[in-house]
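Q: Listed below are the residues making up each chain.
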Amino acid sequence: MTDIASPTVRISARPASAKRDIGIKRRYAAERRFRIYGISAISLGLFFLALLLWTVFSNGYTAFQQTTITLPIEFTEKVIDPKGERATDGKVLMTANYPLLVRDALIKQLGIDPSKRPLVKQATDMVSASSRTLLRDIVVADPSVIGKTIPVTLLAEANVDSAFKGQIDLSVDQSKRKVKDQQVTWMNDMASAGVLTKSFNTGIFTFGASSRPEASGVGVAALGSLFMMLIVLVLALPIGVAASIYLEEFAPKNRLTDLIEVNINNLAAVPSIVYGLLGLAVFINFAGMPRSAALVGGLVLTLMTLPTIIIATRAALKAVPPSIRSAALGLGASKMQTIFHHVLPLAMPGILTGTIIGLAHALGETAPLLLIGMVAFVVDYPGSPMEPSTALPVQIYMWANEAERAFVERTSGAIIILLIFLVVMNLGAILLRRRFERRW
Amino acid sequence: MSTSFLLLLIVIIGFISYFAGRARSFAQAGGKLSNLHSLPGYHGSYVAIWAILPAALVLGAWLIAAPVYIDASTRAALPDTVQSQGGATVELALGQVKSVAGGLKRLTAEEVSALESGSANLRSTLAAKGVALAGEGEPYMIAAAQHFNAMSVTNRWLMSAIVLLIAVAGGAYAIRNIATRFRARNQVERVMLGSLIVASSIAILTTVGIIASMLSEAGRFFTMVSPFEFFFGTVWDPRFAAAGSGGSSGQFGLIPLLAGTLYIAFVAMLFAVPIGLFAAIYMAEYASPRLRSTAKPLLEVLAGIPTIVYGFFALVTVGPFLRDISAQLNGLVTGNYQNFIQAQSVLTAGIVMGIMLIPFVSSLSDDIITQVPRALRDGSLGLGATRSETVKKVILPAALPGIVGALLLTASRAVGETMIVVLAAGVAARMQINPFEPMTTVTVKIVNQLTGDLEFTSPQTLVAFALGITLFVITLGLNIYALYIVRKYREQYE
Numbered sequence: 001m002t003d004i005a006s007p008t009v010r011i012s013a014r015p016a017s018a019k020r021d022i023g024i025k026r027r028y029a030a031e032r033r034f035r036i037y038g039i040s041a042i043s044l045g046l047f048f049l050a051l052l053l054w055t056v057f058s059n060g061y062t063a064f065q066q067t068t069i070t071l072p073i074e075f076t077e078k079v080i081d082p083k084g085e086r087a088t089d090g091k092v093l094m095t096a097n098y099p100l101l102v103r104d105a106l107i108k109q110l111g112i113d114p115s116k117r118p119l120v121k122q123a124t125d126m127v128s129a130s131s132r133t134l135l136r137d138i139v140v141a142d143p144s145v146i147g148k149t150i151p152v153t154l155l156a157e158a159n160v161d162s163a164f165k166g167q168i169d170l171s172v173d174q175s176k177r178k179v180k181d182q183q184v185t186w187m188n189d190m191a192s193a194g195v196l197t198k199s200f201n202t203g204i205f206t207f208g209a210s211s212r213p214e215a216s217g218v219g220v221a222a223l224g225s226l227f228m229m230l231i232v233l234v235l236a237l238p239i240g241v242a243a244s245i246y247l248e249e250f251a252p253k254n255r256l257t258d259l260i261e262v263n264i265n266n267l268a269a270v271p272s273i274v275y276g277l278l279g280l281a282v283f284i285n286f287a288g289m290p291r292s293a294a295l296v297g298g299l300v301l302t303l304m305t306l307p308t309i310i311i312a313t314r315a316a317l318k319a320v321p322p323s324i325r326s327a328a329l330g331l332g333a334s335k336m337q338t339i340f341h342h343v344l345p346l347a348m349p350g351i352l353t354g355t356i357i358g359l360a361h362a363l364g365e366t367a368p369l370l371l372i373g374m375v376a377f378v379v380d381y382p383g384s385p386m387e388p389s390t391a392l393p394v395q396i397y398m399w400a401n402e403a404e405r406a407f408v409e410r411t412s413g414a415i416i417i418l419l420i421f422l423v424v425m426n427l428g429a430i431l432l433r434r435r436f437e438r439r440w
Numbered sequence: 001m002s003t004s005f006l007l008l009l010i011v012i013i014g015f016i017s018y019f020a021g022r023a024r025s026f027a028q029a030g031g032k033l034s035n036l037h038s039l040p041g042y043h044g045s046y047v048a049i050w051a052i053l054p055a056a057l058v059l060g061a062w063l064i065a066a067p068v069y070i071d072a073s074t075r076a077a078l079p080d081t082v083q084s085q086g087g088a089t090v091e092l093a094l095g096q097v098k099s100v101a102g103g104l105k106r107l108t109a110e111e112v113s114a115l116e117s118g119s120a121n122l123r124s125t126l127a128a129k130g131v132a133l134a135g136e137g138e139p140y141m142i143a144a145a146q147h148f149n150a151m152s153v154t155n156r157w158l159m160s161a162i163v164l165l166i167a168v169a170g171g172a173y174a175i176r177n178i179a180t181r182f183r184a185r186n187q188v189e190r191v192m193l194g195s196l197i198v199a200s201s202i203a204i205l206t207t208v209g210i211i212a213s214m215l216s217e218a219g220r221f222f223t224m225v226s227p228f229e230f231f232f233g234t235v236w237d238p239r240f241a242a243a244g245s246g247g248s249s250g251q252f253g254l255i256p257l258l259a260g261t262l263y264i265a266f267v268a269m270l271f272a273v274p275i276g277l278f279a280a281i282y283m284a285e286y287a288s289p290r291l292r293s294t295a296k297p298l299l300e301v302l303a304g305i306p307t308i309v310y311g312f313f314a315l316v317t318v319g320p321f322l323r324d325i326s327a328q329l330n331g332l333v334t335g336n337y338q339n340f341i342q343a344q345s346v347l348t349a350g351i352v353m354g355i356m357l358i359p360f361v362s363s364l365s366d367d368i369i370t371q372v373p374r375a376l377r378d379g380s381l382g383l384g385a386t387r388s389e390t391v392k393k394v395i396l397p398a399a400l401p402g403i404v405g406a407l408l409l410t411a412s413r414a415v416g417e418t419m420i421v422v423l424a425a426g427v428a429a430r431m432q433i434n435p436f437e438p439m440t441t442v443t444v445k446i447v448n449q450l451t452g453d454l455e456f457t458s459p460q461t462l463v464a465f466a467l468g469i470t471l472f473v474i475t476l477g478l479n480i481y482a483l484y485i486v487r488k489y490r491e492q493y494e
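Just so you know, the protein sequences line up as chains E and P, in that order.
Using our numbering, the first residue of the first sequence is number 1, and each one after it goes up by one.
Using our numbering, the first residue of the second sequence is number 1, and each one after it goes up by one.
Hint data in this document are derived by calculation from the structure and do not stem from the laboratory.
Please note that a few of the clues may not be correct.
As the list claims (entries may be wrong) - Here are the simulated DSS-like pairs of lysine-lysine, each with C-alpha atoms no more than 27 Å apart in a straight line:
no., chain 1, residue 1, chain 2, residue 2
1, E, K176, E, K121
2, P, K392, E, K25
3, E, K116, E, K78
4, E, K108, E, K180
5, E, K335, P, K32
6, E, K116, E, K91
7, P, K488, P, K392
8, E, K253, P, K488
9, E, K78, E, K176
10, E, K148, E, K176
11, E, K25, P, K393
12, E, K198, E, K253
13, E, K148, E, K108
14, E, K148, E, K91
15, P, K488, E, K318
16, E, K83, E, K178
17, E, K180, E, K116
18, P, K392, E, K318
To be verified - Below, a sample of chain E positions facing chain P; criterion: calculated Cβ distance under 10 Å:
no., residue
19, N263
20, V375
21, V379
22, V423
These figures come from a predicted structure and were not determined experimentally.
Every residue gets a Cβ at the ideal spot worked out from N, C-alpha and C, and that includes glycine.
Based on the sequences and whatever the hints tell you, model everything.
A: Here it is as structure tokens:
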């Protein structure tokens with residue numbers, strides 16, 4: 001505290017009535033305005049957050065429901081295998097005209113005159129074109145169904161799905177919408193007959209890419225993301241921790257280590273797309289790794305995540321008090337033993353928190369993956385990180401570029417899934433910090 | 001023997017050596033551990049390191065060198081007529097030989113002898129086995145392919161034998177070294193220190209990799225298009241040439257892209273800086289601890305949302321909203337319901353990017369404002385200034401360098417942002433000043449030029465690397481300058 005000069009007495013000497021105008025009203029008004037600016041800035045920020053989340057959730061929650069039509073499908077031999085060759089020729093079952101079975105079942109269900117072609121076409125348009133593969137898989141898996149009639153649950157076509165969820169304005173003239181009046185009537189008939197129902201959409205979690213919104217899902221992309229996250233975890237965590245231990249505990253203070261330090265800080269701020277260019281030039285062009293493989297994506301994301309992990313680890317190591325080190329050294333531990341037996345375990349919660357946050361960041365990263373060919377139409381689950389795969393955020397990007405309304409719903413659904421992953425990871429990091437963090 | 005199996009074998013040898021080394025040190029100590037210089041575990045690790053490390057290094061070197069050697073040898077085995085044609089022809093023939101070699105492995109002995117005698121067609125025989133040849137096979141290719149296969153097999157066996165021998169020999173050598181006074185711990189720790197140094201040099205390698213790869217690819221681009229045309233050209237029209245037509249005369253002017261990038265970043269900063277700064281000031285100076293502890297993390301959620309989500313937000317909400325509201329405004333004023341803001345525009349991208357940047361501005365400035373010493377605040381308040389006057393006249397001037405640094409870091413993020421502009425800014429490369437029209441950015445063009453199937457010889461793809469290095473230099477400059485300012489500022493109070 002500095003000495004306070006003895007107060008002057010001029011103020012008390014002035015008569016109380018003649019108050020000097022120091023603009024107190026104006027100044028308090030300015031104060032209030034300033035406060036209001038601050039509050040409105042915060043509320044504006046929170047408003048945008050709410051708007052963003054509301055956009056995603058209001059568009060996307062319906063993606064977790066799917067309209068299905070359950071029809072008794074008659075697996076007639078005449079349609080599937082008219083010449084009776086299936087025992088000798090394996091291709092017969094693969095190439096049979098399965099949509100015909102759906103058509104017949106629909107005609108029977110709706111009571112349409114089969115000779116009215118346009119009407120029949122409208123009816124078959126209500127069922128997803130993915131029914132072909134669905135029925136084919138049933139027959140190939142168990143050829144004995146031929147000749148029997150089995151109820152099969154088929155996906156409704158995306159527009160019917162939207163209409164049934166009430167997302168299409170049915171008061172518009174039918175020439176201006178994709179679902180015609182006749183189809184709406186059928187839809188309502190089938191709904192009241194219990195044939196057409198809304199149920200939980202497991203497909204969005206298990207399917208791969210498809211040009212049909214109703215038959216597309218994030219399963220394949222999520223597996224690609226999982227591969228990449230594993231690669232990032234396995235590579236970035238040990239390398240990052242090792243690098244930070246060296247820089248924090250061993251490195252002599254010289255120009256080289258200073259350079260490394262500036263370097264790492266800068267790498268953390270390099271735009272992510274630059275890492276994509278690096279991956280393309282080094283991993284794909286120079287090292288000859290396959291395009292759109294999860295391995296390359298994982299390596300690129302590893303390089304991108306490393307600076308984050310190094311910065312977090314160094315902070316965690318720095319937070320361990322020197323008394324711990326001195327005690328261990330004093331008892332005769334070598335420097336390595338001190339660090340690996342005492343400092344590192346104490347810093348571990350901080351390191352893991354930083355790693356999880358880095359992983360969450362990598363999970364949501366899109367731009368570098370676009371450059372290494374992950375924008376791929378991948379239908380099948382990749383068996384290994386070397387096979388073509390795609391990633392969750394890239395799948396979102398591809399769907400966001402689709403024009404159909406049903407894809408907006410799918411995109412939002414995929415974003416919800418991605419956000420749930422991120423929330424879980426961040427909550428994990430927070431819990432970890434709360435549970436294990438020590439204040440020295 | 002496959003490479004992964006070989007690696008597994010090496011690891012197993014390492015394990016065995018670990019226990020052997022431990023056991024030997026026990027035996028040497030005669031049951032009294034205090035006789036040993038190092039703990040038995042260190043002796044074990046020492047032996048294991050000698051068993052694994054040299055073998056793994058040799059294996060790595062071999063895997064890189066062997067294909068080069070085999071290719072060279074196979075190339076030499078091609079007939080002189082092919083070799084005399086040089087360059088591309090030899091490479092093409094080599095590629096065909098390799099696919100023939102892959103195919104030969106799937107054939108039975110009779111089929112191979114039929115091929116050798118010339119009684120069977122090479123291409124159709126291989127096609128039946130699912131191996132597609134790029135052209136009609138020549139007879140000489142069978143011999144070359146067999147040479148290739150034989151060499152590959154020998155190579156595999158030789159590599160396995162030598163690597164395993166090195167592993168065993170390394171382990172044996174290390175075991176002989178073990179004695180009670182042997183400083184195994186120091187040896188092991190030296191290897192550990194070495195690996196720590198290798199790990200920290202990866203950060204340097206990444207930077208070197210970024211710069212080297214960009215420079216070399218951009219260098220190839222600049223041999224086709226002059227740097228002057230690139231950096232000062234005002235027209236961006238890369239004109240994707242059809243494969244093989246050779247007509248690669250596009251125009252690669254950087255200026256329109258740079259203008260779009262800077263314009264959008266400027267709009268974003270215009271949006272984010274006041275909001276972020278006022279939020280930071282309020283949270284640092286006015287907010288109760290409770291408000292602070294809820295509002296700050298909530299605002300930071302904005303920073304954790306992936307940028308692709310912001311892009312989607314711009315695409316389905318902000319863009320259409322601006323378009324519709326501009327149509328309404330126009331209708332109210334002129335009676336003509338024609339929108340004057342495009343759904344994809346500088347404004348859309350700028351606003352959405354601004355929302356993304358709010359938490360960056362607010363948390364960075366918050367840190368800096370709270371760093372201003374208490375005494376400055378108390379002095380000003382004690383002299384009768386209101387809080388807002390204290391903020392405006394005392395705290396902000398004191399924190400200014402730090403805030404400028406924070407804003408520069410934020411600007412570098414805005415310049416490098418990709419997904420929002422890809423979805424919200426449009427692809428038209430034009431130079432104009434109307435924020436309601438679409439413009440494009442450097443990052444959008446990098447993505448555009450590099451998605452899809454492309455060959456890496458045309459300027460249309462290589463230009464992406466020239467754009468990349470421009471982006472890298474801009475952001476690096478901003479970051480270094482920001483760090484410099486922040487560092488200089490910190491020294492003032494310490």
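Q: A separate judgement is required for each hint: does it hold in the structure or not?
A: Quick rundown of the hints versus the structure:
no.: 1; hint: K176(E) with K121(E); result: holds, 18 Å
no.: 2; hint: K392(P) with K25(E); result: holds, 18 Å
no.: 3; hint: K116(E) with K78(E); result: holds, 22 Å
no.: 4; hint: K108(E) with K180(E); result: holds, 20 Å
no.: 5; hint: K335(E) with K32(P); result: holds, 25 Å
no.: 6; hint: K116(E) with K91(E); result: violated, 32 Å
no.: 7; hint: K488(P) with K392(P); result: holds, 22 Å
no.: 8; hint: K253(E) with K488(P); result: holds, 20 Å
no.: 9; hint: K78(E) with K176(E); result: violated, 39 Å
no.: 10; hint: K148(E) with K176(E); result: violated, 41 Å
no.: 11; hint: K25(E) with K393(P); result: holds, 19 Å
no.: 12; hint: K198(E) with K253(E); result: violated, 66 Å
no.: 13; hint: K148(E) with K108(E); result: holds, 16 Å
no.: 14; hint: K148(E) with K91(E); result: holds, 21 Å
no.: 15; hint: K488(P) with K318(E); result: holds, 22 Å
no.: 16; hint: K83(E) with K178(E); result: violated, 39 Å
no.: 17; hint: K180(E) with K116(E); result: holds, 16 Å
no.: 18; hint: K392(P) with K318(E); result: violated, 35 Å
no.: 19; hint: N263; result: holds, 5 Å
no.: 20; hint: V375; result: holds, 5 Å
no.: 21; hint: V379; result: violated, 18 Å
no.: 22; hint: V423; result: holds, 9 Å
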